[in-house]
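K.L.:
Based on the provided sequences and hints, a complete structural model is requested.
Quick note: the sequence shown uses my numbering, first residue -5, plus one each step.
Hints in this document: simulated from the structure, not taken from any laboratory.
Note that the coordinates shown come from a computational prediction; the quantities given were computed from them, not determined experimentally.
Capping the alpha-carbon separation at 16 angstroms, the derived lysine to aspartate or glutamate pairs in EDC-like fashion look like this:
#, residue 1, residue 2
1, 264, 314
2, 6, 72
3, 264, 210
4, 41, 28
5, 41, 22
6, 26, 262
7, 6, 75
Label pairs and their in silico Cβ distance ranges:
#, residue 1, residue 2, range
8, 180, 33, 36 to 42 angstroms
9, 37, 105, 15 to 21 angstroms
10, 253, 148, 35 to 41 angstroms
11, 241, 2, 27 to 33 angstroms
12, 72, 130, 19 to 25 angstroms
13, 130, 294, 41 to 47 angstroms
14, 305, 34, 49 to 55 angstroms
15, 33, 2, 48 to 54 angstroms
16, 74, 241, 43 to 49 angstroms
17, 78, 193, 39 to 45 angstroms
Backbone N, C-alpha and C fix where the C-beta goes; we use that ideal spot for every residue, glycine too.
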Amino acid sequence: MSPPSTDRLTPKIASQFARIALGHVTREYPNKLDHVLDGDADALGPKALHPIFYGSFDWHSCVHGYWLLASLLRRHPELPEAAAIRRLFDHHLTPQMVAGELHYLQRPSARGFERPYGWGWLLALQAELLLHDNHRWAAALRPLAEAFADRFRAFLPNAVYPIRTGVHSSTAFALTISHDYAVRAGDTTLLEQFRGKVRDWYLADRDAPAWEPSLDDFLSPTLVEAECVRRYLPADEFRAWLADFLPRAAEEQPAALFSPAVVSDRTDGKIAHLDGLNLSRAWCWRGIAAALPDAEPMAIAAEGAAQRHLAASLPHVAGDYMGEHWLASFALLALTAGD
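P.N.:
Laid out in structure tokens, this is it:
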């Protein structure tokens, strides 16, 4: 991808992202399955196991590839790729295909399948589809979304502690991207369950040390927690909490949060995570900045950090499949934060 000339989504960038996603959501191989075999009969390929989300190297990346395409189609319905996106959705987002995905979840050994990262992204996809004029897609996906909402309902009472990581297990990220589903689907019970866990897990946190990044991170444990808390607290309460959580942010401390990660090898799937870290940090910093008065020093520092992180990794969304199958989704989060 050529270096961007903007730090916001443009039709040109939207088209580039759409072409990237259309090139991988139906690409079955290579594929890294999250799959427990209970016997020889379970030794099946991705498409046999997952009739919709079999592409993009892994299930969750395919889900957020669909989210990316749905988001781009809504924001830029005139895209040259719009017809191809609609054909893809019309073919795959059907009751029959969704029934196949539900069938997989009914396996006893699939209880922890994609928890919590994939759960969150599936709910984020449904939240996006609920905004579309074409209601068939959201209606078809609804049973799968409700199944994952039910999984959250069953899991959260047992989740005494948060999972404070910069990778797929992060509870803060999962609840952040699940928020809009609970709101748009009118699931007030789930929304209050999420809000209660955010308060239990994070409200006592103070003066975050930000010992990051780790080599595998594509999320900032510190910033994604702040973005999660922002989603669930009233604005005044969030600002008060943030002042205690990052008390020196206006002076760009802890310094690690304000400096983009260095990506030493973009052909290494784990090291390539660091491009995602830069993009997701930009998304979080923009969310934080939007919650503060424009002239506040912390808001200025946050927006500056967001722009530096975007500049470091937005030009590398495409190029090697280890990043290309997922990075555009995180770039879109960053480019549209606050819209």
